[in-house]
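Q: Under the numbering used here, the final residue of the sequence shown carries the number 89; numbering is consecutive throughout.
Source of the hints: derived by calculation from the structure; they are not laboratory data.
Note that this is a predicted model, so its numbers are computed, not measured.
Errors might be hidden in some of the hints.
[To be verified] Restraint ranges, calculated between C-beta atoms of paired labels, are given here:
#1 S13 / T41: 42 to 52 Å
#2 G71 / R42: 31 to 41 Å
#3 V36 / H16: 25 to 35 Å
#4 G23 / E46: 50 to 60 Å
#5 L43 / S13: 35 to 45 Å
#6 F81 / S48: 55 to 65 Å
#7 T41 / F68: 50 to 60 Å
#8 L51 / A31: 29 to 39 Å
#9 Y17 / R53: 54 to 64 Å
#10 Q37 / L73: 33 to 43 Å
Where is the CB? At the ideal position from N, CA and C, for every residue including glycine.
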Amino acid sequence: MNRSERHNPLNNSDIHYMENKLGELLSPRQANPEFVQKLRTRLMVEPSITLERRRTYKAIWILAVALFSGGLLAFILLLIFGKDEEASG
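Build the full structure now, drawing on both the sequences and the hints.
A: See below:
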């Protein structure tokens, strides 16, 4: 027994049998010619790709404004509700 026989437990007759069985069970399908033509065109024509730059400054700006707004809101709420506790205590 050589190396290829050990790794391939099927012999040629088994493979031909499987191919014949699959050929009987699976019916071939004809591709839609319009789809094939569109696919051919898409594969043959170089696509026009445009890369967008990341807007990191915009993201940092939005984050800074959000943090500032949250801090300002917390400060205002502390002023409003902090005075009520001082007056009652």
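Q: Next step is simple, just say for each hint if it's right about the structure.
A: Hint check:
1. Judged by the Cβ atoms, the range 42 to 52 Å given for S13 and T41 holds: they are separated by roughly 44 Å.
2. Taking 31 to 41 Å as the suggested C-beta distance range, the pair G71 and R42 does not conform, at roughly 52 Å.
3. Between V36 and H16 the C-beta distance comes to about 30 Å, which sits within the given range of 25 to 35 Å.
4. Checking the proposed 50 to 60 Å range against G23 and E46 shows it is violated: the Cβ atoms sit about 39 Å from each other.
5. For L43 and S13, the Cβ-Cβ distance of about 39 Å falls inside the hinted range of 35 to 45 Å, so the restraint holds.
6. At roughly 58 Å, the beta-carbon separation of F81 and S48 lies within the given 55 to 65 Å, and the hint holds.
7. Here the CB-CB span from T41 to F68 is close to 52 Å, well matched to the stated 50 to 60 Å.
8. L51 and A31 have their C-beta atoms about 33 Å apart, which keeps the hinted 29 to 39 Å range intact.
9. With their beta carbons about 59 Å apart, Y17 and R53 fall inside the hinted range of 54 to 64 Å.
10. Take Q37 and L73: their Cβ atoms lie about 60 Å apart, and the range 33 to 43 Å is violated.
Of the numbered hints given earlier, the model fails hints 2, 4, 10; all others are met.
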